[in-house]
Amino acid sequence: MKDLTDDTVLYIGSFLDPLGMLNVALTCRRFGSATSAHHVSLMEQGARQSIEAAPLYERNWVPYTQNSSSSTTWIGLYYELLKLRSPPSFNTILGRGIRHINKNKHHVYVSLREQYQAQQLQDAKRLILRKRNRLMTTGDSNYASCVAIGNHIMRAGRHYVKFTMTRVEKISFGIIKPIDENLADDHTHTNGFSSYGCCPFTSPSLLSALSSSRTQDSYKSNVYCCLYNTFPGTCQWCDCNMMERTIDNWTGMEYSLEGDVGLLLDLDEGTLTVYKNGRRLGIMKDGITGEYCWLMSIQGASNPTAVQIKRAPIPDA
Amino acid sequence: MQTIKLISRSGDPFELPYAAARLSHVVRDAQAEEDDGVIDTPEDVQIIKVESRCLEKVVEFLKHYHEEPLVEIKTPLEDNTFEGNVKQEWYQNFLKGIDQPMLFDLVTAANFMAIQPLLDITCLKVSCQLMGKSAEEIRQILNIPKLTAEEEEAARRDHRWIFDD
Chain A
1 MKDLTDDTVL
11 YIGSFLDPLG
21 MLNVALTCRR
31 FGSATSAHHV
41 SLMEQGARQS
51 IEAAPLYERN
61 WVPYTQNSSS
71 STTWIGLYYE
81 LLKLRSPPSF
91 NTILGRGIRH
101 INKNKHHVYV
111 SLREQYQAQQ
121 LQDAKRLILR
131 KRNRLMTTGD
141 SNYASCVAIG
151 NHIMRAGRHY
161 VKFTMTRVEK
171 ISFGIIKPID
181 ENLADDHTHT
191 NGFSSYGCCP
201 FTSPSLLSAL
211 SSSRTQDSYK
221 SNVYCCLYNT
231 FPGTCQWCDC
241 NMMERTIDNW
251 TGMEYSLEGD
261 VGLLLDLDEG
271 TLTVYKNGRR
281 LGIMKDGITG
291 EYCWLMSIQG
301 ASNPTAVQIK
311 RAPIPDA
Chain B
1 MQTIKLISRS
11 GDPFELPYAA
21 ARLSHVVRDA
31 QAEEDDGVID
41 TPEDVQIIKV
51 ESRCLEKVVE
61 FLKHYHEEPL
71 VEIKTPLEDN
81 TFEGNVKQEW
91 YQNFLKGIDQ
101 PMLFDLVTAA
111 NFMAIQPLLD
121 ITCLKVSCQL
131 MGKSAEEIRQ
141 ILNIPKLTAE
151 EEEAARRDHR
161 WIFDD
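Chains as they are written, first to last, in my numbering: chain A, 1 to 317; chain B, 1 to 165.
Excised from the complex, chain B in its bound form (with noise of 0.2 Å):
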C-alpha cells in the first residue's frame, strides 16, 4: 500500500494511505499521476496553512473516508440540526465537541486542501449553529464586532420587507 506524509505549518508530519489521501485535490496536483491514477512514489507534500492540531483531525477524515464515504448532504435541508442531515454515526461524532476555533480551522483546511465532503459538512455545521439565531447571537457564535449604530440603522433599512412581512 502506498503511503504519503501531509506536513503541517509547524514541520509535523502526517501519514496516511495514499488513496485516502487524493480526495484532496491539492494532495492529488501536487503528484505526477498517470491517467489511471497510479503514480510510482508519493510524494510528501507540504500543507503550509494548516497547523499540526488541525490538519491531525483532517487526516482522520480522510482515513475514515476511504473507508466510508460520506452519503451526499440533501439540499434543501430536511432538519434545521446537523445530525438531522447527517445519519452516519462517525461523521456526527467527528465534530462533536470541537471548540469554534477548530471548527473553522477545519472549514478554512478544508477549502485550502479542497476536499469537498469535508467542507460539506464542516459548512453545514457552522450553518445548523447559526439557524434560528438573531444577528446579535450570530455576532457571538461568529465573533463579530458590533454594527455601530449607523451601520445597523443602513442594514435593517436595506431589508425591510422582511420586517414588515
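Excised from the complex, chain A in its bound form (with noise of 0.2 Å):
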C-alpha cells in the first residue's frame, strides 16, 4: 500500500461513494489529514475531483464559497449532490388517503372518497352522538386533504420536476421548506389533517411546533411556501409566520386542467416557473431564497386520482 501513489489512491478513491470515501478517510493520516499542499485530504481532493467532473448545473447545486460552514466538507458535498442526482420522490406523505403505489415512492394515489365515507360516517355518529346527549358537536368540517413532500431539499441552482396527473381536481403544486419528518408525523392523526390554503397545516399545535423547530434558513426568505393551483392557476403563497396566506394571480397565470405540470425552481435567481405540457406560461414567484422541497397538496378532491413527480430536462423557452 505504502508504494501506491498519491495519484493512485485518488484514482481508486474516484470510483467510490462518499460513504465509502470517508471510510478510507478515517483509516490514516496519509489518506484523512489535510496535505500542506492542497490543504484538505486525499479522500476530500477525490470527492472535489468528483464533483469538478459533473455537468455545470450539477454543481451549481452545491456550491463550495470561502463563507462554507466550517463544517461542510467535499466529501458532504459530493454525497449531497448524489442525492440531489437521484430520482424526486414523495417520501412524506401526510393525511389521510393517499399512499405510495406499489412502493413507488415517484407515485401516490389519492383517493379521498373513501375518507369522505369514513368522514361523513363520523359526521354522523357525531350528529346521533350530539342528539342523545344534547352535546355540540366539535368535529371540524374539513374534508379530506393530504401532501407529498418530496425528498430532495433544495439550496442552489436551478431543479425542475415534471408532475403527471390522471385526474385534476384541486391539486397544487409546489416548494415547502424542510420539514421535521417525525414532528410532522405526530400531528398527522390530531384535529383533522388540513391542506387549507396552501399552507399545509393548520393544526395550530403543530404551527407552533414549526415554528419553534424553524431553523436559521427559514429565516432567509419571506415564503415558508408556495404553490401553484391548478385550477384556476393562481398562485397561493404563505410566510415564515404561517400566519397569512396570500392568493395572487401572476402574469403567464393559466389554469392546467390536464396533461403536465412542470416547476423551475431557480435558487440563483430566487424564482419559481410554472410550464404547462412543456409551455413555460412564466414566472409565478420570486423573493424565494434558502431550502425548499417539492410539495404536492390536494384538499378536497372528490375523486381518486395518481400523482408521479419526475425530473425532466427544462423545456426550451
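None of these hints come from the bench; they were simulated from the model.
Note that CB positions come from ideal geometry on N, CA and C, so glycine has one too.
A portion of the hints provided could be inaccurate.
Under 7 Å between C-beta atoms, here's a sample of chain B residues computed to sit facing chain A [unchecked claim]:
(1) Val107
(2) Thr108
(3) Asn111
(4) Cys123
(5) Val126
(6) Ser127
(7) Leu130
(8) Ile138
Dock chain one against chain two, each of which comes alone in its own frame, and use the hints as you go.
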C-alpha cells in the first residue's frame, strides 16, 4: 500500500461513493488529513474531483464558497450531490387517503372518496351523539386533504420537475421549507389534518411546533411555502410566520386541467416558474431563498387521482 | 511481426509483439517512432520497478488487450461488484484468484508503465473490495496500521456530518 502514489489512491477513491471515501479517510493520516500542498485530505481531493467532473448545472446545486461553514466538506458536498442526482420522490406523505403506488415513492395515489365516506360516517356518529346527549359537535368540517413532500432538499442552482396526474381536481404543486418528518408525523392524526389554503398545516399545535423548530435558513426568505393551483391557476403562498395566506394572480397565469405541470425552481434567481405541458407560462413567484422541498397538496377532491413526480430537462423557453 | 522484450527488475525478459507493448506509454516513449508510429527495430526496455512475477502478468494483459480491447468502464459505476462493471469474461478471470500483494503490484506497475486500461481495472478491483466496508475492515484489506485514539478522534471530528446524518 505504501508503494501506491497519491494519484493512484485518488483514482481508487474516485470509484467509491461518499461513505466509502469517508471510511478510507478514517483509516489513516495519509488519506484523511489535510496535506500541506492542497490543504485538504486525499479523499477530500477525490470528492472535489468527482464534483468537478459533474455537469455545470449539477455543480451549481452544491456550491462551495469561501463562507461555507467549517463543517462543510467536499465529501459532504459530494454526498449531497448524489442525493440530489437520485430521482425525486414523495418521501413524506401526510393526511388520509394517500399512499404510494406499489411502494414506488415517485408515484402516489389519492382516493379521497374513502375519506369522504369515513368522514361522513364520523359526522353521522357525532350527530347521533349530539342528539342523544345534547352536546355540540366539535368535529371540524374539513374534508379529506393530504400532502406529499419531496425528498430532495434544494438550496442552490436550478431544479426542474414534472408532475403527471391522472385526474386534475383541486391539486396544487409547489415548494415548502424542509420539515422534520418526525414532527409532522406526530400531528397527522390530531385535530383533522388539513391543507386548506396553501399552508399545509393549520393545526395550531403543529404550527406552533414548526415555528419553534425553524432553522436559521427559514429566516432567509419570507416564503414558507408556495403553490400553483391547477385551477384556477393562481399562486398561493404563506409567509414564514405561517399566519398569512396570500393568493396572487401573476403574469402568464393559466389553469391546468389535464397533462403535465412543470416547475422550475431557480434558487440563484429566487424564482419559481410554471410550465404547462412543456410550455412556459411564466414566473409565478420571486423572492425565494434558502432551502426547499417539492410539495403536492390536495384539498377536498372527490375523485381518485394518481400523481407522479419526475425530473425532466428544462423545456426550451 | 515486430517483437520487443520487456526486462524485469531481476533481469528476466518477456517477449511480446511491439504493437501490443506500445499500449504502455513508457515503452512507446522509449522508442524512436516516426510520426506514423513505425519504427525500424524496437529496442528492448528495462522495466526496473517491476518484478518478474508481476511483469509476466502485465505482458499477459498487453497481449490480450491487443486482441480484445477492454470496454471502457462507465462512471458513475453501475454496480458495487467488479463483475457488474467489467463484463468481459477474460478480464474478470485475469484478476480472479490473485493475492492482495500481487494486486497492488499490478496497480503500481500499471501506473509506472502508464498502461491506462490496466490501471482502470486494477484500481476498480481495489475499490470494489473497499465498498461497503468499515474503516477497520479497510485497514485490514489495505494492511494499514491502526490509528491512535487521538488520530481517530481527530478524523471523526473532521467528518462529523456523516455521523449526524
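task = With chain A as the partner, please determine if Leu130 (chain B) meets the hint condition of a C-beta pair closer than 7 Å.
result = holds, 6 Å
query = Hey, does the Asn111 (chain B) contact hint survive, CB to chain A under 7 Å?
reply = holds, 5 Å
Proposed interface contact between Ile138 (chain B) and chain A, which counts if any beta carbon pair is under 7 Å = holds, 5 Å
ask   = Should the hint that Cys123 (chain B) touches chain A count as held when the rule is a Cβ pair under 7 Å?
value = Check passed: Cβ of Cys123 (chain B) comes within 5 Å of chain A, closer than 7 Å.
ask   = If you take the shortest Cβ to Cβ gap from Thr108 (chain B) to chain A, is it below 7 Å?
value = With a closest approach of 5 Å, the Thr108 (chain B) hint holds.
ask   = Would the hint on Ser127 (chain B) stand, with a C-beta cut-off of 7 Å toward chain A?
value = For Ser127 (chain B), the interface hint holds, since the closest Cβ of chain A sits about 4 Å away, which is under 7 Å.
Hint status (Cβ of Val107 (chain B) to nearest Cβ of chain A, threshold 7 Å) = holds, 6 Å
inquiry  = Just to be careful: measuring from the Cβ of Val126 (chain B) to every Cβ in chain A, is the smallest value less than 7 Å?
reply    = holds, 5 Å
Checked against the numbered hints listed earlier, the structure breaks none of them; every hint is satisfied.
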